[in-house]
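Turn these sequences into a full structure, and let the hints guide you.
My numbering applies: residue 1 is where the sequence shown begins, and numbers increase by one.
In case anyone wonders, no lab produced these hints; they're calculated from the structure.
Be aware that a few hints might be false.
Pairs of lysine-lysine residues, derived as BS3-like cross-links and limited to a Cα-Cα distance of at most 25 Å, are as follows [claimed, not checked]:
1. Lys95 - Lys83
2. Lys83 - Lys39
3. Lys95 - Lys39
4. Lys95 - Lys81
5. Lys81 - Lys39
6. Lys58 - Lys95
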Amino acid sequence: MHADVAAAIGGAGSAPDPHDLFDSSLIACKALTAHVYAKSRGYALDRVEITVDRDTSKERQGTYALRVSIALFGPLSQDEKQKVYDVLVRCPIHKLMTTTTVEIETAPLVSSP
Numbered sequence: 001m002h003a004d005v006a007a008a009i010g011g012a013g014s015a016p017d018p019h020d021l022f023d024s025s026l027i028a029c030k031a032l033t034a035h036v037y038a039k040s041r042g043y044a045l046d047r048v049e050i051t052v053d054r055d056t057s058k059e060r061q062g063t064y065a066l067r068v069s070i071a072l073f074g075p076l077s078q079d080e081k082q083k084v085y086d087v088l089v090r091c092p093i094h095k096l097m098t099t100t101t102v103e104i105e106t107a108p109l110v111s112s113p
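The following block contains the structure:
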């Protein structure tokens with residue numbers, strides 16, 4: 001995986017930064033959840049477009065805010081669309097980001113002789 005940061009903070013800006021990758025995991029999970037759910041219900045979902053706007057202004061105080069916008073395309077009824085929207089807050093990454101305490105252990109890699 002290639003990641004980078006903006007030139008303004010010492011990178012080349014040549015790839016997504018870690019925040020982009022974090023946000024992208026949520027987008028991917030929601031898109032996949034929408035397709036899997038729609039398929040399991042026989043809904044004619046053609047495609048999903050998702051954007052995320054982030055507000056990092058309070059990140060150092062402990063709040064990382066994401067606004068997710070979702071558009072569903074295909075001949076779905078309003079009821080079907082609403083059911084897909086409703087299930088998206090239960091995608092695994094959304095739940096991980098909002099309801100789980102994540103514990104991270106960082107250790108040096110020990111190589112075999």
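Quick rundown of the hints versus the structure:
| no. | hint | verdict |
| --- | --- | --- |
| 1 | Lys95 - Lys83 | holds (18 Å) |
| 2 | Lys83 - Lys39 | holds (13 Å) |
| 3 | Lys95 - Lys39 | holds (22 Å) |
| 4 | Lys95 - Lys81 | holds (21 Å) |
| 5 | Lys81 - Lys39 | holds (13 Å) |
| 6 | Lys58 - Lys95 | holds (21 Å) |
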